Amino acid sequence: MTHKLFLKRGLPFGTKAIGLIFIIFLFSLFHTGPEEAFSQDPTRVRDAKPGNCASCHKEQVIPSAHPDTSGMNLTQCLSCHKEEDPKLTNTFPLSHSHLLSGVSCAGCHGEADPPEFVGTGTCLGCHKTEDLVAATKDVKDANPHDSHYGPELDCDLCHHAHKESENFCNQCHEFDFVVPSPIVKPAKAVKRAAPVKDAAPVETAPKKKMDRAPPDAGKPEEAVLNCRGCHSAPEYTEKFDRSVHGLLACTTCHTGIENVAQHMKKETKTELTPCAACHSAISVQFEDDVHGVEAKMTCAACHTDVHIRMAGAGGTKAAVINRCTTCHSKDQYVQFGHAKEVLQGNEDSAGCSDCHGLHDIAVFKETIEDKALQRESFMAACISCHDNQELVRRNNLSTDIVESYEETYHGKVLHIGFPERVAGCADCHNGHNILPATDPQSTVHPDNLIKDCKACHSGFHARFVKFEAHADYSNSERYPVLFWTNAFMIALLVCVFFFFWVHSILWWRKAYWKKWKDRGAAPTEENIPFALETVLYVQRFSWRDRIMHILLVVSFFLLVMTGFPIKYAESAWAEVLINLMGGPQMTGLLHRISAIVLWALFLYTCWLSLKFLFPKRQVRGWTKRLFGPESLFFNKKDWEDLKGMFRWFFNRGEMPQFERWTYWEKFDFFAVFWGMFVIGLSGLMLWLPELFSYILPGWMINVATVAHSEEAFLAAIFIFTVHFFHNHLAPNKFPMESNIFTGRYTVAALKEERPEEYERMIAENRLASLERKAPSVPSRFFAAFVGIAAVLLGLLLTVLIFWAALFY
Amino acid sequence: MKEKFDVKNGLTRRGFIKTTGGVALAGMAAGSLFAGPLKAFGAEMPEKWDEEFDVIVVGSGFAGLAAAIEAKQAGSSAVVLEKMRVPGGNSIINGGVFAVAGSPKQEAEGIKDSPELLLEDMLKAGLYLNHVELAKTIAEKSREAVQWTESLGVQYKDRVTHLGGHSVPRSYSTHNSSGSAIVTKQLDKVKELGVDVRTQSYVMSIIQDKEGRAAGLKIKEGYRFPDESTGTVKYLKANKGVVLASGGFGRDLYFRTIQDPKLTENVDSTNQPGATAEVLMDALRSGATPVQISWIQLGPWTSPDEKGMGIGYVFNAMAGFVYGVMVDPETGKRFINELADRKIRADAIIRLGHPAVTIADSQGVRRVHNLDRALEKGVVKKFDTLDALAAEYNIPPEPLKETINAWNRYIKQGQDREYGRYLQTDSEAIANPPYYACRAWPKVHHTMGGIQINNKAQVIGLDKKPIPGLYAAGEIAGGVHGAVRLGSCAVLDCIVFGRTAGQSAAAKV
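Chain order of the listed sequences is H and B.
The first sequence begins at 1 in our numbering and counts up one residue at a time.
The second sequence begins at 1001 in our numbering and counts up one residue at a time.
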């Protein structure tokens, strides 16, 4: 260089300086002169950095809102500009797409000065003729690379690197195809291109690790070479070049070296470009990561291999485990179970990040909400594998571990939205070093279970832990009691429903058939009620009976509406109903209050029964009273009546002459009685499982769950179908029998429905004592309102229950 | 840019001024050279030739390449100069039809033909303005010429085509219906023989020695058509001769309008943009005798609905004119023999004052290889009924139907009673819908005139004697076709006289 010549001659300092200034002045003259005239034209700088527009262009050439392009390569450009028309590569000169693809100016023009002429031979050094022909073989009208001129024309007939390309064909033809890169006019490009600032990299390519281009040039050779003069270890040289960051310059990340000499004297410290500059999506995640929040760790704490990491390297579960256990205890976390499997090469098994995440490891606080969140999020991780049938079969694991958990109280309550209240997977199995129950070291080994249960439950007997957290009702070998309980309950359901539904259908058919047969027939003397009898009312139910029934109705409905959402926790309406009840907690409370009411009614009924059997503690004659006409207990007449009804159904006889209580009414009564025995006891056990462990083994809780659940189904559906048929839908009752609410009905009704009672009343001369006024309007209105509402609600619940039973 | 790099290299201020000053002076000199009027004299003999060859061929079309092949095969070194960036000129975009009289293909089809009949057709179309000796030469050598191309590997379709003005079907058609089929084989041969085809080489002037002999050429290398300022001057010495095969001037608006002022920029051309007159003009300046330069042929088959030769001409030439009819859309009537020579047809259409409409039915279009593309481009249109066709082009429907009925009668009768058009042996009545139509409007296609040559392809000077060392062939040479060139005779002309010129130059005739 000229000024160096000056310097070598050893001129005095002042002369040197003046000379230098003069030369700089000359340079500046020369630099500004021609360029001012063509300020629009870029200066072609031979060491232009890809993506660094400012290295050639003085003016802003891309929108100001565009992310910094310095150091971007074409692939990165196209990761956002992928669906534009015209394509990005058609909107800027070929020189740009070359530069961005790693072909520097010297790549074509050589190092010589002035730059070498670039001919077709240079192009063909990289581009193969046959590839070009193939690439455009489907271009409409004609393949420009295989025309009547053949495939070996000069590239620059059409393609120009530094100015607008042209369609050579179109000097004779009128072809529409676009020739890269025609520098499509900016106005057009702006109009048609996608708005750049909307194309947020994080959103468009969430899975891509690096969502932003490095902040500086691809690889300015000098910068790298200079650093390597000292930093010559393989990890900064050949290994680095092969690494995933190998295209970057040292100074891309290590900034702040303004003076190399000072740096070498260790007078200045380098600064690190935050990894977030490129990896912004991950850095956003990491802001909430436990390592960032609590341990204040940086990327480099784990990523110690940034200089040598190869593309696609790491990424295995084992690699993650090994990285995590550089800090976290190996013994505590990865000695057995999942991690051990992973380290033995089973990629099906879970590594740390499969459950915890990688850069988004959540921070859970010691609050109930966070506990719930934690339990749920980790369970989701467990379930994602253990409910994957292909995966569990492949690894010889239980295929129904998730399903069977969901069948238990834990599963159902968790499902319904109480994750903070019940045990999830890790509560028993622990999160790490998970071993099968047969292993003495396993947390779910019988010896260790007490500790697990104690975490939530207290005051239980050791046999409490016999509870089956993954009960399988269909497995008669492992869970015989459960299996047979379930089988019995289902058999009971089938028998009851079969009998009563058939009974009801036959009744319905017979009644309507009779009605149809008698249509239009003149009333005979027999079936015209005595006028007085139609207005004369007698009492059927006392105040006490009626209040008990209303309490029963209310508590029953509440129990159904608060219990069934748990039975069918996965159904669509479960959550709706729970919310309607006032949330999970309120639902539980209402269920228990209703249960107490029902218990009270049950006990009171027992008391009344005793009083009935032993009036004034008189034992004698109790069998007579038990089987007498006033009793709700079954007697021989019921058997006869039953047979009589079936005869009547089939037109083989008249309808039986009933007494005060028909056999189906007695069944209704006993159904509740039996029901209370099963459902009430099992309910109590489920309410107070720890207490019951002093009497019964833990697996009885499973039995209680089955019994409670199935009996509930029986009771609800029986009431909503059979009981409702008898009192609301039967032809002579439709739309409802109101005497349970008003307490009284007409003598005519008594005579028709219960002729034997009527006869008995006459014979015992008690009819007059039963005589009551006609029910008042408010009481009739109340009866109609409550009755119809109950029927409709019952039928709605029936639909919901069947919906859930059949489709979930 | 150049200066900037210089400065970076550290020129001293004085050196810098010297350099730029030199450049400025050189620029001024070049400017005066280019900007000044074309000199009446050719370039001076250079002090030093840059390169020398036995034979320099100007133009890389049929004729030029044929000449180069022959010259080289005769043992001379040769080079082909092409000013465009691609070789082949008009030949490589030509329609690939080659008139052969008495060919094996005609024999196979039972068509009786002879060189005499071809000559007669040429003379008739040429209004007997043809230089008969030249016309006779190509008619006689047609069979030999096509066989020569076949020896280069050119493939032709089996059937011969009947083009306008020919009394019988006699035209060979290349397998791809393009002259490129011939040019690419010629280029292969040239390459094989080791002859350079130098594109972007612009001939500035023929250099003659004191005896008037064509001694070489002053050219510009690296010329970038049409930018006059591009390229660097070189002098090429021709030890034996210069063959001018630079083609016609259909796209040279200046020269064309001098010869035929009607052919302004409003008239399109089928030619490639390099079909300009500079070599012809320099040959005239060098003393060549002009022949019938104002006979400029318009192609009658082109469509006004597309650029240049386009693709619609195939329909007109292969269907409309051969199996269909061409009508005046104003009257719905035919107005000319659709197979008359090009000039008669083109003139007739121009006389209408508006484009004519050619019509063929689904039978008539069976030899139109590019029908789908033409339909897609909308140059040819398809109609289910003649009424729809008439409506599209505003043709009165009844007269149109009468015209078609009359034509169908002529086919039955075996004679066109209106215009005496040749009926194809496989002609059928136009009665099979769909119907197809295309508009026809002439475009400048061929310049018959040029410089005078003799049978040995020697250029004849104004001193009535051949100019030594100067040969010409192809479209630059005049007289072969007279007033009108028949279709498919250009390829024939180029091959025959191109080869002759190469042979003559190599033999220094």
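Honestly, I wouldn't trust all of these hints.
Claimed, not checked - Pairwise CB distance ranges, derived in the manner of DEER restraints:
1) B:E1228 - H:H57: 46 to 54 Å
2) H:K128 - B:K1112: 51 to 59 Å
3) H:K128 - B:D1426: 21 to 29 Å
4) H:P114 - B:R1224: 16 to 24 Å
5) B:E1133 - H:P114: 52 to 60 Å
6) B:R1224 - H:T136: 23 to 31 Å
7) B:E1133 - H:G125: 51 to 59 Å
8) H:D176 - B:E1228: 25 to 33 Å
Derived from the structure by calculation, the hints contain no laboratory data.
Just so it is clear, the structure is predicted and the values come from calculations on it, not from any experiment.
Cβ coordinates follow ideal geometry from the N, Cα and C atoms, glycine included.
Evaluated hints:
1. B:E1228 - H:H57: 46 to 54 Å: Violated, at about 32 Å.
2. H:K128 - B:K1112: 51 to 59 Å: Between K128 of chain H and K1112 of chain B, where Cβ atoms are some 52 Å apart, the hint holds.
3. H:K128 - B:D1426: 21 to 29 Å: violated, 47 Å
4. H:P114 - B:R1224: 16 to 24 Å: holds, 19 Å
5. B:E1133 - H:P114: 52 to 60 Å: holds, 56 Å
6. B:R1224 - H:T136: 23 to 31 Å: holds, 24 Å
7. B:E1133 - H:G125: 51 to 59 Å: holds, 53 Å
8. H:D176 - B:E1228: 25 to 33 Å: holds, 31 Å
Of the numbered hints given earlier, the model fails hints 1 and 3; all others are met.
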